[in-house]
Amino acid sequence: MIEPPVLLMPGNHDVISINNLVKTYGMAGGAVTALKGISMAVKRGEYASIMGQSGSGKSTLLHVLGCLHRSTSGSYKLDDVEVSTLDDDDLSALRNQKIGFVFQKFNLLPQENIVENVALPLVYAHVPRAARMDAAKRMLTLVGLGDRLHHKPTELSGGQSQRVAIARALVTEPAVILADEPTGNLDSRTGDEIMSVFQALHRMGRTIVQVTHDREKAEYSERIIHLKDGMIAEVEIVKNRRIAPEIQLNVEALV
Amino acid sequence: MVEWANGVRIGLKGLAVHKFRAALSMLGIIFGVASVVAVIAVSEGARGEVLKQLAALGANNIIVRGLDWRSGGSESRDLKKKARLHSNGLTVREAQAACDTCPLITDYAPIRKVQASVRIGETPVSCEVVGTTPSFLKVIGFRLREGRWFLKPDEENSRRVCVIEDAVRQEYFKLASPLGRTLVIDHEFYEVVGVLESKEASSDQKYEVADIKQLNRRVYIPLSAALARTTLEPLCDDITEINFMCRSTTEIRAASTWLNRFFEKNHNMENTAAEERDYKVLVAQDLVKQTEESQNIFNYVMACSAGISLVVGGIGIMNIMLANVTERRREIGIRRAVGATQADILQQFLFESLSICMLGGLMGCALGVGFTYLVHQLTQWQTSLAWWSMVIALMVSLMDGVAFGTYPAWKAGRLDPIEALRYE
Chain A
1 MIEPPVLLMP GNHDVISINN LVKTYGMAGG AVTALKGISM AVKRGEYASI
51 MGQSGSGKST LLHVLGCLHR STSGSYKLDD VEVSTLDDDD LSALRNQKIG
101 FVFQKFNLLP QENIVENVAL PLVYAHVPRA ARMDAAKRML TLVGLGDRLH
151 HKPTELSGGQ SQRVAIARAL VTEPAVILAD EPTGNLDSRT GDEIMSVFQA
201 LHRMGRTIVQ VTHDREKAEY SERIIHLKDG MIAEVEIVKN RRIAPEIQLN
251 VEALV
Chain B
1 MVEWANGVRI GLKGLAVHKF RAALSMLGII FGVASVVAVI AVSEGARGEV
51 LKQLAALGAN NIIVRGLDWR SGGSESRDLK KKARLHSNGL TVREAQAACD
101 TCPLITDYAP IRKVQASVRI GETPVSCEVV GTTPSFLKVI GFRLREGRWF
151 LKPDEENSRR VCVIEDAVRQ EYFKLASPLG RTLVIDHEFY EVVGVLESKE
201 ASSDQKYEVA DIKQLNRRVY IPLSAALART TLEPLCDDIT EINFMCRSTT
251 EIRAASTWLN RFFEKNHNME NTAAEERDYK VLVAQDLVKQ TEESQNIFNY
301 VMACSAGISL VVGGIGIMNI MLANVTERRR EIGIRRAVGA TQADILQQFL
351 FESLSICMLG GLMGCALGVG FTYLVHQLTQ WQTSLAWWSM VIALMVSLMD
401 GVAFGTYPAW KAGRLDPIEA LRYE
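Taken in order, these protein sequences are the chains called A and B. Quick note on the numbering used here: the first sequence kicks off at 1 and runs consecutively. Quick note on the numbering used here: the second sequence kicks off at 1 and runs consecutively.
In short, the hints are calculated from the structure, not lab data. If you're wondering where the values come from, they're calculated on a predicted model, not measured in any experiment. We put the beta carbon where it would ideally sit given N, CA and C, even for glycine. One or more hints might be untrue.
To be verified - Which chain B residues face chain A? A few, computed with CB under 10 Å, are given here: (1) A5; (2) N6; (3) A337; (4) V338; (5) A386; (6) D416; (7) L421.
Bound-form chain A, shown alone (with noise of 0.2 Å):
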């Protein structure tokens, strides 16, 4: 069951908090080292963003923050649980109750219509389907898509289809958003409006981190972690936070 929301409050928990982590690709000419050993924390109700050119190793950090690999030493606590021992089937049960991943290409199911899309996560968490049916229709009236539940995903533009996605991160209340390049497909004024929900749900203590290349988007995070060469390069607090133009989630639609 989907518990009533909570506006988590900021503190000193750290939701993520990672030591030294190193992550080797093997591969048949030799083993490659994306992280190089690796420390960091991520607070909860913080918005913090990666930054680093392609080959820093910043897509291996979220992969390894996803619990989409596993680290090849050092160590990983998500909320609280050490990720770096569990096997496949609890890396899977933790993507499910404690991340929301956003992608740069939305990665929707092009043959289900949004609510199931969105109700996709609580599919894998055993939840009922009518409650399944009425947590999605909840989200998606929050980032604004409730007169479309029906839609098949190619009906949308851009900016909606990233926010059924956004819903969809949120409908497993997850410790942590991950979003990869949240913005790369979209237009600058839609990229702002994502911005913006992010922005929204960060001032209702939503953990977000997210990876980009792109400056100005980082900008709208509260800290910055520059990688280079699969090590912390700087960690960069901003000073003249972007702020995206207000925008009005549904938080009726929670309660």
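Got chain A; can you put chain B on it based on the hints?
Just chain B now, kept in the frame of chain A:
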């Protein structure tokens, strides 16, 4: 594990994306199942036929049949003449002696077929006149529809009474009961005293065990009357057939051996080859077994070809499922990212192949019914659709789905989520 209903829904939706492709890949299963259903229907029809005849002959009976020179042509006539050097053919006396001597035999009924013209008033009746004794009804297990069967006095006094088959009644006594009416058999008047229930008619002639159509067109008269009337027929002073009733089914074999020996001795034919003897010992069950054996060969051949087409169908399923998995890697990646386990993905694709197979199986059943109808129309064979053949066919096609869907589904489950997500 995701609940069943959702699994089936997702599976069917996956199919709907490529309807034509799914239909093509189902063809193997469809034809496999259809042939299983049709083959079983044909062989069940044949079996039903044989069982009907078994019932008509009496399951526990041993038949000793004399040479019938009328139907056998000149060759059999010569044979009979030759046999007459040794014996006088089957007689009631030896039947009685056999029954008295052998403890395995509890009763017997001789019959004598008579060639005679039969009329009702001036209307000729097409039928076979058969003389028999009061024991016949019990021995052969026929049932009376109305009236009575022969009694002892009928036999002892050669009374002119007759019992007719239901088919004869239906044809010649449409309006009123035949009881008390008169049949003219070779210028003598016989009173109808009873009507037998009709035997289930066989519509084809490929089984020679019993000619049920012929059975259904009989008119029975007391044996004594039949013998009194027909002794003038040359070479035919004997009786046509004796039905011996066995004490129990398990002793039929022993009883038939005993009877063979008995008649061999009685007819002085110990040194005569089996095909030159003037009698044949027939066990109803043996005859049925023979037809069943030839049926079985046909069944094996058809079962093999059905099996092969199901395997071929399964390979078709595997092929399509592998293509499916490759094509839908991105979907798999998405599902994995939002929390599907490997088992969830495996289950999803397994459901999909099961859906294909189940659908193919159902279509195959429908097609099989069509085939069966066609076979029946074209060949006039008796067919009987068996519900269990459809259940078996559906189970086999489900097994096909599991057997050939597991590998692609396992492959789908094993996909690395990130690799899968990268797929364009």
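Right, here's what the structure says about each hint:
1. A5: 8 Å, holds
2. N6: 6 Å, holds
3. A337: 5 Å, holds
4. V338: Cβ of V338 (chain B) sits 4 Å from chain A, so the hint holds.
5. A386: 39 Å, violated
6. D416: This hint holds: D416 (chain B) lies near chain A, its Cβ roughly 8 Å from the closest one there, short of 10 Å.
7. L421: 7 Å, holds
Comparing the model with each earlier hint shows a violation of hint 5 alone; every other hint is respected.
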